[in-house]
Amino acid sequence: MTDMMSETGLLKETPQTTEAVGGMGYSVKRKEDPRFIRGQGEYIDDLVLPGMLWLDIVRSPYAHATIKGIDASEALKIPGVLAVITGADLEKAGLHWMPTLAGDKQMVLPTDTVMYQAQEVAAVVATSRYIAADGVAAVLVDYEPLPVIVDPFKSLEPDAFVLRPDRGPDKANNHIWHWESGDRAGTDTAMEAAEVRVSEDIYIPRIHVASIETCGCIADWNATRGQMTLHMTSQAPHAIRTVLALVSGLPEQNIRVKTHDIGGGFGGKVPVYPGYVLAVVASLTVGKPVKWIEDRSENLQADSFARDYHIHAELGATKAGKITALKVKTVADHGYTDAAADPSKFPAGLFNVITGSYDFDNAFVEVDGVYTNKPPGGVAYRCSFRVTEAVHAIERMVDILAHDIGKDPARLRMENFIQPDQFPYKTPTGWSYDSGDYPRALQKALDMIGYDDLRKEQLEKRAKGELMGIGISSFTEIVGAGPSHDFDILGIKMFDSCEIRVHPTGKVLARIGVQTQGQGHETTFAQIIAEELGFPVADIKIEYGDTDTAPYGLGTYASRSTPVAGAATAIAARKIRDKSRKIAAHLLEASEDDLEWTNGKFSVKGSPDKSKTIQEIAFAAYTNHPAGMEAGLEAVDYYDPPNLTCPFGSYICVVDIDRGTGQVTVRRFVAVDDCGNIINPMIVDGQIHGGLTMGFAPSLYEEISYDELGNNLAGTFMDYLLPTAVETPAWETGKTVTPSPHHPIGAKGVGESATVGAPPAINNAVVDALWHLGVRNIDIPLTPQKIWAILNEKGVTA
Amino acid sequence: MIPAQFDYVRPAAMHEALQILVDREGDAKILAGGYSLLPLLKLRLASPALLVDIRDIDGLDEIVETTDGLRIGSRSTHRSILENPVVVAGYPLLSDAAGGIGDPQVRNWGTIGGSCAHADPSSDWPAVLIATSASIVLRSTAGERTVPARSFFLDTFQTAIEPTELLTEVIIPRAPRPSGAAYAKLERRAGDFSTVGVAAQLSLGADGRIAAAGIGLTAVAEAPFAATAAEASLIGSEPNEAAFQAAGIAAAAESRPGSDSHGPAEYKRAMVKEMVVRALRSAAGRAQAQR
Ligand SMILES: Cc1cc2nc3c(=O)[nH]c(=O)nc-3n(C[C@H](O)[C@H](O)[C@H](O)COP(=O)(O)OP(=O)(O)OC[C@H]3O[C@@H](n4cnc5c(N)ncnc54)[C@H](O)[C@@H]3O)c2cc1C
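Chains as they are written, first to last, in this note's numbering: chain S, 1 to 798; chain F, 1 to 291.
There could be a bad hint or two in this list.
[As the list claims (entries may be wrong)] Some but not every residue of chain F turned toward chain S, in silico, with C-beta under 8 angstroms:
no.: 1; residue: I2
no.: 2; residue: L40
no.: 3; residue: G102
no.: 4; residue: R145
no.: 5; residue: R177
no.: 6; residue: A190
no.: 7; residue: G191
no.: 8; residue: S261
no.: 9; residue: P264
no.: 10; residue: Y267
no.: 11; residue: A270
no.: 12; residue: M271
no.: 13; residue: E274
[What the hints assert, rightly or not] One side of the interface only, derived from the structure: several residues of chain F facing chain S at Cβ under 8 angstroms:
no.: 14; residue: A4
no.: 15; residue: L41
no.: 16; residue: R44
no.: 17; residue: L45
no.: 18; residue: R188
no.: 19; residue: R189
no.: 20; residue: G263
These are calculated hints, taken from the structure and not from any lab test.
The C-beta atom is built at its ideal place from N, Cα and C for all residues, glycine as well.
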């Protein structure tokens, strides 16, 4: 008998374990925090190995240029400079290009042409970080600038020059791929029949994740042992190991990828950057450990970017405001290569989740990927999965529709929501939403913020000429990639894993295939085991990030840790519970069926004092296990999720606009989130606070833009504006709980909900403040100069 | 972000420092807080062979009120000015400006002397010194000279300092009562350099009309400057909204902003007007409070 899946999806609004055990529902303090708070986290740049060398990179000042020559002679004269590696050197080993996770290819170092500003051109290996930088300054590169394309629409024009001639003569254009989803003909018919149609062009600009810790690695080749150890900042160490094995030909068992503490990932630490490959090549060449750490500007100019989606959306509805059709055409600017980390079948990620929280039958979505002279885009930040872009577009369109027909946007949403009894809900683009209660979440947010009073205040203010706006976003997320029938990266299915070992003294070591970058896995995964097995959280140690010890997994991004590895952890724990039941039956001389499991022990039904605790059972597993049974108490689970999970929420934002300066102030922001059953409320709150701030940032501040020569205009923190705590609103959070019916503990992901949900709420609020002036859309970031220009044009500046 | 090689000295006395500046003219740079100089070194936009750290030189960080006004030693940090009791009690313009410079770390290290000598076209102190008609004291082995703030800031990163001179103090003259002064800074985020920064000082005559006005603008020209037409427009007026608006319009016309990530020139010029009005309102309020 097994109870592995027996508790799947049960509602757990209150904790089921004692506080001392600390299972689901307790705000257990994070196990990782003592070392972080004391400054004892171990980040990649803290690590210094004996004999270690440093690598630094020569980068292109041009966005597009022919390399006519590289003169390293002056650099090589500097004492301590050991080598200068160029594309020509790599070409000899066939390593000048490498595959991207999206099946395109990317230069490690160019042999003839650079494709974006700050692209890697050569690498200097030296005995110190400072000498390496001196070496970089001394390498002379002779460039001949070429014309530059930064605009993807220009790139698609028939006479545009071809950016990637390496793709061969039959691909003599800059179009990467076309992807579509939904029913084109049906949608066209429904759109034509619609009583009301609204359409809008929405640009979601390129942004950067800007994690506090930049990327880096130490490649440590030991020729005698034939062992490559790669210490690095990776969200997906196993995937890196496999890619490295495939690219380098080194045997996979002799490659060990080891991550340390990671200072922020956000998708920017999923890809393989040229710097990693260069460090590996350098270490293989010199037989010593080689460290490469990016500086801030390199990170901001060359690492994977997010968004850069040019969306044209059209929404059809009845006069009363019932949505009937959605049609979307999008141009995706990928830069010079498609290096996205999306699953193979999904070049535009899950962008077709764009029908959002609304119930209608007709949708058609198409996306065209395009090359430009920019570094790889559409990679990081919830981005390969494109849910942020989808939610932004539908939430903007719904708001425009409401304003156009003069219906309150909250009401219009309520009238169009998928209703709780419609789940599991099949969307017109083919997704199956697992569970949801959208009206409840929105109502809660309306109540928390005092919506009706705010609308009254807005009218009064408007009469006085003051600008105040209210914006709503009722988003549906789709996370937890993913079911093996649909989801793989380079062929590797997107399962995830957990291995649990219970020691004789009743202490637990568990290893997971995902990787924490601040999410608190060491705590929450222990809580899952505590919930399932009754061991106190304090007795459970969680390990990850070392490919020699952790089970194979595809890593942490796209909010997949809890939906996939969290499920694996619960199932592995249940396997242990199954074996424990057998041992308990043996110890209690009872039949397995007569045992019941409560509060961390098995007891005989009807005689509760005849019981064995999980700790006693663990000891027995090594000292007194039943004949015919293997000793030990261990389990592994590789979990292939039956479906994705769909967290959701409703956010409401209130803004005031300074008519004198165009500055937008977020006065209030209420966020009601539903991520199913909650493992650790404090950590969920932290994820939401962080996510909201990261949604607030591109709404008002952040943008990576380029001039027509392809110069990155935001290559330092002077120009790439991360909001500080001073500007960041005081978030007001609330929750509803709608468990995932198919997840073993009823949980959903939550890491990205707020990043996805926040921008349209802010954008809607700002447009709402200006709608009466005839403003329909303003693209983020909503900078003071942009708002002031509109006020000026409308003649309403102070 | 890795500087080229340089040497470092830390002279114990003023005369030693001044002699080094003469001996190594052209390749020595004074190091004060380092909050402008070190970024330049790290970006390799500057590669001086020698840094002359002035932290051990006595007497450079005093803030004293004398009969001529407030004397602020060049090595006074933004924070020490912000927290100085004399400043807190009587120089709200300085408090406004100091409190808005950078973040706490920048204010703990950055100095008023470094800020003036560096002459970033968006820095805040120069506008304050211009509005108050302050003077700047320079010393070299040849002796000491005093330069009015209004003729000190010559161009972007260019001042009246000679390579052999050390800035020792700034002197802010005492304004006749009733006067009021204020700093209005438009910034994208807390601690950013100004999009537009306006320092304004007004003195009222016995009739309640404006008897003297000083307006210093930063971030809207190649160097901080005095909005003299705006100042002139205020003299003799009642300190009222119409006068402030007129001064704002005049100041906007005098500014020469460039377009950059803070916004196009048109926006910045409009913001000059807006921030001049805001600074004047607040300065006038403070002046009225002294009557
Ligand atoms: C993140 C950040 C934010 C900032 N924000 C602002 C802001 O909002 N507003 C603002 O106004 N400034 C801002 N600054 C600049 C800051 O105020 C600097 O500290 C200041 O401009 C320079 O002072 P310092 O003492 O650090 O000078 P240093 O960096 O040590 O020196 C700067 C220059 O002045 C010269 N110098 C220094 N002292 C003397 C002297 N006594 N005599 C002659 N030459 C001298 C040096 O040789 C060097 O050329 C910011 C800086 C940073 C890093």
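Comparing the hints with the structure gives:
1. For the restraint placing I2(F) at the interface with chain S, the shortest Cβ-Cβ distance is roughly 4 angstroms, inside the 8 angstroms limit, so the hint holds.
2. Checking L40(F) against chain S by beta carbon gives a least distance of about 13 angstroms; that is not within 8 angstroms, so the hint is violated.
3. For G102(F), the shortest C-beta to C-beta distance to chain S is roughly 11 angstroms, which exceeds 8 angstroms, and the interface hint is violated.
4. Using the Cβ-Cβ criterion of 8 angstroms, the hint placing R145(F) at the interface with chain S is not satisfied: the shortest such distance is roughly 34 angstroms.
5. Proximity of R177(F) to chain S is violated relative to the hint, the smallest CB-CB distance being about 30 angstroms (cut-off 8 angstroms).
6. The restraint placing A190(F) at the interface with chain S holds, with a minimum CB-CB distance near 4 angstroms, inside the 8 angstroms limit.
7. A distance limit of 8 angstroms between C-beta atoms decides the matter here; for G191(F) the minimum to chain S is near 7 angstroms, and the interface restraint holds.
8. Taken as an interface hint, S261(F) checks out: its beta carbon lies about 5 angstroms from the nearest beta carbon of chain S, inside 8 angstroms.
9. With a least beta-carbon distance of about 7 angstroms to chain S, the hint placing P264(F) at the interface is held under the 8 angstroms criterion.
10. For the restraint placing Y267(F) at the interface with chain S, the shortest Cβ-Cβ distance is roughly 4 angstroms, inside the 8 angstroms limit, so the hint holds.
11. A hinted interface residue such as A270(F) counts as satisfied when its beta carbon comes closer than 8 angstroms to some beta carbon of chain S; here the least separation is about 7 angstroms, so the hint holds.
12. At a threshold of 8 angstroms, the smallest CB-CB gap from M271(F) to chain S is about 6 angstroms, leaving the interface hint in force.
13. For E274(F), the interface hint holds, since its Cβ comes within 8 angstroms of a Cβ in chain S; the closest pair sits about 5 angstroms apart.
14. Look at A4(F): its Cβ gets to within about 7 angstroms of chain S, closer than 8 angstroms, so that hint holds up.
15. The beta carbon of L41(F) comes no nearer than 12 angstroms to any beta carbon in chain S, farther than 8 angstroms, and the hint placing it at the interface is violated.
16. With a least beta-carbon distance of about 7 angstroms to chain S, the hint placing R44(F) at the interface is held under the 8 angstroms criterion.
17. Evaluation of the L45(F) hint against chain S yields a violated restraint, the C-beta minimum of about 12 angstroms exceeding 8 angstroms.
18. Taking 8 angstroms as the C-beta cut-off, the interface hint given for R188(F) holds, the closest approach to chain S being about 6 angstroms.
19. A least Cβ separation of about 5 angstroms between R189(F) and chain S falls short of the 8 angstroms threshold, and the interface hint therefore holds.
20. Hint status for G263(F) relative to chain S: holds, with the closest Cβ pair at about 3 angstroms, below 8 angstroms.
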